[in-house]
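K.L.:
So the chains spell out like this:
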Amino acid sequence: MAQRYVGERIKRNEDPRLLTGQALFVDDVEIPGMLHAAFKRSDYAHARILSIDVSAARERPGVVAVFTAQDMGTDWAPGPPLVSPPPTVKDVTFHSRRQAPLVKDKVRHAGETVAVVIAESRYIAEDAAEDIVVEYEPLPVVSDLEAALAPNSPRVHDDLESNLAAHFFQKKGDYEAVKAQADCVIRRKFYIDRGAAAAMENRGIVAHWDEKSKQLTLWDTTQAPIPIRNGTAARLGLSDNQVRVIAPFVGGGFGPKIMMFYPEEMLLPWASKKLGRPIKWIEDRRENFYATTSERQQVHEVEMAFAKDGRILGMKDDFLHDTGAFDPYGLTIPLNTQSHIMGGYVIENFSSNCTAVFTNKPIVTPVRGAGRQQGIFIIERMLDIAARELGVDPLEIRRKNFIQPDAFPYHNVIIDQAFSELIFDSGNYPAVFEKTLEMIDYERFIKEEQPRLRAEGKHVGIAVVPFIETTGVGPYEGARVQIETSGKVSVSTGYGTQGQGHLTSFAQIVSEQLGVAVSDVRIVTGDTAEFHWGTGSFASRGIVVAGNAIHAAAHRVRNKVLKLASKVLATPEGELELEDGMVRVADIPTKSISLGELAALSNPLRGAVEPGTEPGLEATDYYGPQFGTTASGCHAMILEVDPETMMVKIKR
Amino acid sequence: MNSFNLSVTVNGALYEREVEPRLLLSDFLRHDLGLTGTHVGCEHGVCGACTILFDGEPARSCLMFAAMAHGHEVTTIEGLGSIDQLSPLQEAFREAHGLQCGFCTPGFLTTLTAFLKENPNPSEEEIREALSGNLCRCTGYQHIMDAVKLAAEKMNN
Chain A
1 MAQRYVGERI KRNEDPRLLT GQALFVDDVE IPGMLHAAFK RSDYAHARIL SIDVSAARER
61 PGVVAVFTAQ DMGTDWAPGP PLVSPPPTVK DVTFHSRRQA PLVKDKVRHA GETVAVVIAE
121 SRYIAEDAAE DIVVEYEPLP VVSDLEAALA PNSPRVHDDL ESNLAAHFFQ KKGDYEAVKA
181 QADCVIRRKF YIDRGAAAAM ENRGIVAHWD EKSKQLTLWD TTQAPIPIRN GTAARLGLSD
241 NQVRVIAPFV GGGFGPKIMM FYPEEMLLPW ASKKLGRPIK WIEDRRENFY ATTSERQQVH
301 EVEMAFAKDG RILGMKDDFL HDTGAFDPYG LTIPLNTQSH IMGGYVIENF SSNCTAVFTN
361 KPIVTPVRGA GRQQGIFIIE RMLDIAAREL GVDPLEIRRK NFIQPDAFPY HNVIIDQAFS
421 ELIFDSGNYP AVFEKTLEMI DYERFIKEEQ PRLRAEGKHV GIAVVPFIET TGVGPYEGAR
481 VQIETSGKVS VSTGYGTQGQ GHLTSFAQIV SEQLGVAVSD VRIVTGDTAE FHWGTGSFAS
541 RGIVVAGNAI HAAAHRVRNK VLKLASKVLA TPEGELELED GMVRVADIPT KSISLGELAA
601 LSNPLRGAVE PGTEPGLEAT DYYGPQFGTT ASGCHAMILE VDPETMMVKI KR
Chain B
653 MNSFNLSVTV NGALYEREVE PRLLLSDFLR HDLGLTGTHV GCEHGVCGAC TILFDGEPAR
713 SCLMFAAMAH GHEVTTIEGL GSIDQLSPLQ EAFREAHGLQ CGFCTPGFLT TLTAFLKENP
773 NPSEEEIREA LSGNLCRCTG YQHIMDAVKL AAEKMNN
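Respectively, the protein sequence lines represent chains A and B. Numbering-wise, the first sequence is residues 1 to 652 according to the numbering used here. Numbering-wise, the second sequence is residues 653 to 809 according to the numbering used here.
Misleading hints may appear alongside valid ones.
[Claimed, not checked] Quick partial rundown of chain A residues pointing at chain B, CB under 7 Å, derived from the structure: (1) I10; (2) K11; (3) A199; (4) M200; (5) G252; (6) D284; (7) R285; (8) G616.
[To be verified] From chain A, some residues computed to sit far from chain B (all C-beta separations above 10 Å): (9) V89; (10) N241; (11) S420; (12) V460; (13) E640; (14) K651.
Worth flagging that the hints you see were computed from the coordinates, not collected in a lab. In this text the structure is predicted, and so the values were computed from the model without any measurement. Where is the CB? At the ideal position from N, CA and C, for every residue including glycine.
Build out the structure end to end from the sequences listed, making use of the hints.
P.N.:
This is the structure:
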């Protein structure tokens, strides 16, 4: 390849638009005649609804409609399960309970939607939502994970025998056997709390049913436009091709924006179709905190068996996972936790029970890491504790247990979130670790800096945390690449963008194949009218999965270019080069043709396209990896803690 | 509902509109004038995304009524530069990768435009202080710091 584009430091294609306020976000969509939605939400975490009085709201001038679950009639149905439990894990128990567009009988978390108001302006809609009077019978709440499983606990779902949402067990080797031979067994309990993703842009939807063209257009801050399109069509009894979902620029995703079929995502298209008017709903920050999904709460009881030199003999981890009031996202998060709790270490014997628990809290779906960091945090804490108890250096205990560079692909036996065996494809964990120690100057800190600072009465410590991150999982993504007669290239993929820089990184991949400037590659992500196959943006898999699909499609276009140019320039393909938007004969630079001219020749207005060939310099391709890739890295940090205020200060 | 006859200069152009007294300035700019570059992230003055320049001073447009802008000059992100002609600060953000999803960016740019005008040679500490009223969730603060330093350099040359 003459010129490299991938990996070069370049300016991003998307930036000029974002820097000047010219990028389209969902709330920027304005349609004449557009109505606005506001929701009446429960302030109770757990309560039976005794009555809902919407009469005052309906009478408010400017209100077009108010709907409760009752008003939806037979259209009322909970959202679909997004990720089913892994069929490959034996004896898995899983109770699927999904969120509904509007609550019918009792609310199960604060923020659940009880009614929706559609009005001429957002101001009126919000006023009218305040007019709605809901009479509740408050119920005792389920919040603590351990108490939730006690026999006398109140139940989130009355039809279940307990708050157990799911249970599964995974093992490799024989932990109990190695525990019996261990020199040292360490036990600890870890409580990990909740957090919110809180993207800068709240969620938002504009639904536009056009009665004359029988088309529904949906602008949605989703990370998964294609599943939203397919699911919306199914819910409304439309053909997939009557629904167009556009996820334009999205102001941060971080996981919660993929929780496809939020109540609002089910309601807005339904209401737009019913009323024959476009409707906009933009979440406010308060709603974002309790109506958007969050993550992280788990309770782990961990046990690790060691030989006295620090070698890990085995690990046992039994944990509770908070799934909130519903579990539409299946077991992705706890499977990720299990897949990461062994870190990048050789652990031959492993045993883990996971119990997912329903609570009266917002729904839990992946947030930035999706269960991975709980696992990494625990194994690294356990190694530090073990090092101290065994009198082994905390660096040595890691060095001793790393999976070695020649052991890849490393089979970890247990099942991962993609429902296949957890396999680490490649890595060099010791090298990354040693490099990190060098960069933070570990030796000098331990030998010189820390003793000096301690003598001064300062509380300064160091931590080094190597980690792995499974990513690049299937099922697949796809892309279409087309050279236009202008010589510019159009690319579309179903893989949506929320700030990752895809309009540039995807373009770089195409540029390298076709020899065009990165700024001449126009990328469209997340518009089902442009490309309608794919799954969604999750697990940091954009470049691996969508990137490979784009590469494959661009490569096929390159082959078409070479074939046609070879004919036009009467030169064997092997002697042609693609550079600066031209196809040139390697030794005779003057003998060339532009990509734009070739594109025109490939789509003749007269004559005949040869049988067995296709018009245009265009190709579509897909990529679906057999198993994911495993990234790895290492963090190191020097921290000072103020012993009085417990404030921490990052020194390095 | 009674109304208010608003006359306001936005990005150098005079607009006269009849508005509801309770209409927020952020909503007026975005939905009445179509200047959707001003973003709304929290609607209670915490996140800083909706920051505009009000007579040259940074102000939260979500905490003001449109009527309060009567007779004043407002500059939004659209008034700082254009796609073909980025301001030195916008250019520095691009070069230093000072943005990812770009949703918080308009508020940073308006805040920092005023800041650099007042303080063309800021120290690192002063830049941190100036950024403290704006949130970014893609965790890009370090690159934003770099962008401000780069912009100061550009503007001083």
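K.L.:
None of the hints should be skipped; say for each whether it holds.
P.N.:
Hint check:
no., hint, verdict
1, I10, "violated, 10 Å"
2, K11, "holds, 5 Å"
3, A199, "holds, 6 Å"
4, M200, "holds, 4 Å"
5, G252, "holds, 5 Å"
6, D284, "holds, 6 Å"
7, R285, "holds, 4 Å"
8, G616, "violated, 30 Å"
9, V89, "holds, 34 Å"
10, N241, "holds, 30 Å"
11, S420, "holds, 31 Å"
12, V460, "holds, 21 Å"
13, E640, "holds, 18 Å"
14, K651, "holds, 16 Å"
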